[in-house]
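Number of protein chains: 2
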Amino acid sequence: MGPRLKGKLWQESHQTLAVFRHVNKLTFCIMVLLTWLILLSASALAQTDPLPSWNEGRAKQAIVKFVHETTDQSSSNFVPPEERVAAFDQDGTTWVSHPMYTQVVFCLDRVPAVVKAKPELANVEPFKTVLSGDKAAIAKLTMPDLEKILMATLSGMTVDQFSTEVNRWIASARDPRWNRPYTELVYQPMIELMQYLRASGFKTYIVTGGGQDFVRAYSQRVYGIPPEQVVGTMGGTKFSYNSAGRPILTKEPKLLLNDDHAGKPEGIHLMIGRRPHAAFGNSVGDQQMLEYTGAGDGARLMMLVLHDDAQREYAYGPAQGLPDTKVGTFTQALYDEARSKGWIVISMKNDWKRIFDFEK
Amino acid sequence: MGPRLKGKLWQESHQTLAVFRHVNKLTFCIMVLLTWLILLSASALAQTDPLPSWNEGRAKQAIVKFVHETTDQSSSNFVPPEERVAAFDQDGTTWVSHPMYTQVVFCLDRVPAVVKAKPELANVEPFKTVLSGDKAAIAKLTMPDLEKILMATLSGMTVDQFSTEVNRWIASARDPRWNRPYTELVYQPMIELMQYLRASGFKTYIVTGGGQDFVRAYSQRVYGIPPEQVVGTMGGTKFSYNSAGRPILTKEPKLLLNDDHAGKPEGIHLMIGRRPHAAFGNSVGDQQMLEYTGAGDGARLMMLVLHDDAQREYAYGPAQGLPDTKVGTFTQALYDEARSKGWIVISMKNDWKRIFDFEK
Numbered sequence: 001m002g003p004r005l006k007g008k009l010w011q012e013s014h015q016t017l018a019v020f021r022h023v024n025k026l027t028f029c030i031m032v033l034l035t036w037l038i039l040l041s042a043s044a045l046a047q048t049d050p051l052p053s054w055n056e057g058r059a060k061q062a063i064v065k066f067v068h069e070t071t072d073q074s075s076s077n078f079v080p081p082e083e084r085v086a087a088f089d090q091d092g093t094t095w096v097s098h099p100m101y102t103q104v105v106f107c108l109d110r111v112p113a114v115v116k117a118k119p120e121l122a123n124v125e126p127f128k129t130v131l132s133g134d135k136a137a138i139a140k141l142t143m144p145d146l147e148k149i150l151m152a153t154l155s156g157m158t159v160d161q162f163s164t165e166v167n168r169w170i171a172s173a174r175d176p177r178w179n180r181p182y183t184e185l186v187y188q189p190m191i192e193l194m195q196y197l198r199a200s201g202f203k204t205y206i207v208t209g210g211g212q213d214f215v216r217a218y219s220q221r222v223y224g225i226p227p228e229q230v231v232g233t234m235g236g237t238k239f240s241y242n243s244a245g246r247p248i249l250t251k252e253p254k255l256l257l258n259d260d261h262a263g264k265p266e267g268i269h270l271m272i273g274r275r276p277h278a279a280f281g282n283s284v285g286d287q288q289m290l291e292y293t294g295a296g297d298g299a300r301l302m303m304l305v306l307h308d309d310a311q312r313e314y315a316y317g318p319a320q321g322l323p324d325t326k327v328g329t330f331t332q333a334l335y336d337e338a339r340s341k342g343w344i345v346i347s348m349k350n351d352w353k354r355i356f357d358f359e360k
Numbered sequence: 001m002g003p004r005l006k007g008k009l010w011q012e013s014h015q016t017l018a019v020f021r022h023v024n025k026l027t028f029c030i031m032v033l034l035t036w037l038i039l040l041s042a043s044a045l046a047q048t049d050p051l052p053s054w055n056e057g058r059a060k061q062a063i064v065k066f067v068h069e070t071t072d073q074s075s076s077n078f079v080p081p082e083e084r085v086a087a088f089d090q091d092g093t094t095w096v097s098h099p100m101y102t103q104v105v106f107c108l109d110r111v112p113a114v115v116k117a118k119p120e121l122a123n124v125e126p127f128k129t130v131l132s133g134d135k136a137a138i139a140k141l142t143m144p145d146l147e148k149i150l151m152a153t154l155s156g157m158t159v160d161q162f163s164t165e166v167n168r169w170i171a172s173a174r175d176p177r178w179n180r181p182y183t184e185l186v187y188q189p190m191i192e193l194m195q196y197l198r199a200s201g202f203k204t205y206i207v208t209g210g211g212q213d214f215v216r217a218y219s220q221r222v223y224g225i226p227p228e229q230v231v232g233t234m235g236g237t238k239f240s241y242n243s244a245g246r247p248i249l250t251k252e253p254k255l256l257l258n259d260d261h262a263g264k265p266e267g268i269h270l271m272i273g274r275r276p277h278a279a280f281g282n283s284v285g286d287q288q289m290l291e292y293t294g295a296g297d298g299a300r301l302m303m304l305v306l307h308d309d310a311q312r313e314y315a316y317g318p319a320q321g322l323p324d325t326k327v328g329t330f331t332q333a334l335y336d337e338a339r340s341k342g343w344i345v346i347s348m349k350n351d352w353k354r355i356f357d358f359e360k
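Just so you know, the protein sequences line up as chains A and B, in that order.
Quick note on the working numbering: the first sequence kicks off at 1 and runs consecutively.
Quick note on the working numbering: the second sequence kicks off at 1 and runs consecutively.
It is worth saying that the hints were derived from the structure and are not from the lab.
In this text, all values refer to a predicted model and were calculated from it rather than measured experimentally.
Any given hint might turn out to be false.
What the hints assert, rightly or not - 30 Å max Cα-Cα, derived DSSO-like pairs, lysine-lysine:
1) Lys238(A) x Lys251(B)
2) Lys135(A) x Lys148(A)
3) Lys360(B) x Lys238(A)
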């Protein structure tokens, strides 16, 4: 018996033992009956729609076809369970990112605390502008300004303090349009898609240009995705000992990998070491991830969310003549690449029956 | 019904459906009977020893106690399954690393191929010395020399080419003492420990100072650990397109993280985002990983392999007066820290009944 087989048997036997402990024969008979009932009801449930928030159409059909092809053992495109990887961009793909990325809002909100700790920053730009509260001036901050703010607000604390800080903020902050926590502004159709893929044996990953530690703080609760399956923009940490001699990890203002554009396939290789079979995005920042995914053999699913629903969410990105913005740009060139490569463009307006879970 | 519960039901129903498809009633009855038999035999098997290559003693007891404490729901040290993380150093902890790290042997063996591609290196040190085949001179190469060799031999190809190259080498290379593939020189007691932890719901990770992509090439086959659970020294990659327009990832001579010493807890945070509950090492390079693991709440298991068995393997490291070497140093200071912090020192000589799977 090889070590792998032994391991498998051990796993089964251990699980079985845990069940058997404290269980007498009568209880066991009842359990067998219950198991039967669960199997029967689960079988009935399996006939229902895994994607109830999706309208019938090309996008939904493509998803179902991909899952059948990759999970049916008789299919030539069958993928062994351990190789089933699906990568989801976050901002604009799984939750609202307009008019400003949620993490940028978090960083701006953190500026007063940073200045309190380092008062000399109060009269230094861009911190001075942020402290002024002048929304028009804040909206005009340049990318180098924002980078200074990100570096200052996302470093200098331990990784545990940071996680606590993100969770505290995200529990109280509200999106101004819907007056709801940002974590309620996730797209219900994409949540269903994640669940459907996981139920089909896929490991689902967030692959975001946002901060890896930021998204990890809530990924399990919001997406059902554990921290080790979040690939994001990575900052360095520094191991040291605090005054009590306890080892700590402090977040450093040092960029290890910018997980956007070409950085997405690079981040995927670094963190996962496998090419995804499915990838979902909404902007030019996702282009290379979709290209990398599509360059693999067999069945691959590449999809882009088009924000074309001004009424229920937003309409932006120059593709199809929508208004251009700085956030999550879906260019006409990306649209054309999608068409030529068979990537599926998801129209929020036409493909999604409902957008948020709270729209009952 | 919340989205999480729905997802769970979906998962169950989907799996059930897959089973029911193509299965008629008679076959189903036979399957139920077979399931019964499997449950019964697994139950019997569960009475046997999960660590047969370990002698009874303090080390084995500590492992079994840790597993019971962290997996028994009535224990105050119970750990939810999703948080169960165990980190294993590789060189000297899960396989032989003496007298030279296996990956260094690989890199030295690759030098001729690198020089063939770049003939100008033939007369440049340290490549000239490696090409000379002078074993005494090669053994005297300095750390900066070795770094030049590592950078040159571990970069410049696509990640897929590299993985193919490692697998080709590892299938043919032999350790000179045992005349066996390096992958057969894994420690059977540590393989059993990994299997026992996985059977108890732990995710097992390799956390190595070796190259992440090097170890990933064989980790599933040798350790049952998938590539996404290998944390190692990380090099950068570069996304680009080859002459046919196909997207490729090329390994760059750029160090992102040296996953050794303080780099181990930093690498664990980067790749996993959780503090391990158990960590296993054998040298000063593992010190900070064990400290970081031990700084968490509840039950934690920290163990160090002491190479004190010159007959069956090797005896080295200045702890307990063993001879010093450059490879995997187990200092007396580390030994003293282990004693004072309650880390378990595994004596290969006394704690391991057998070392390799091939010793029947």
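Outcome of the hint check:
1. Distance hint between Lys238(A) and Lys251(B) is fulfilled; the C-alpha atoms sit about 25 Å from each other, no more than 30 Å.
2. About 18 Å separates the Cα atoms of Lys135(A) and Lys148(A), which keeps this hinted pair within 30 Å; it holds.
3. For the suggested pair Lys360(B) and Lys238(A), the alpha carbons sit about 45 Å apart, so the restraint of at most 30 Å is broken.
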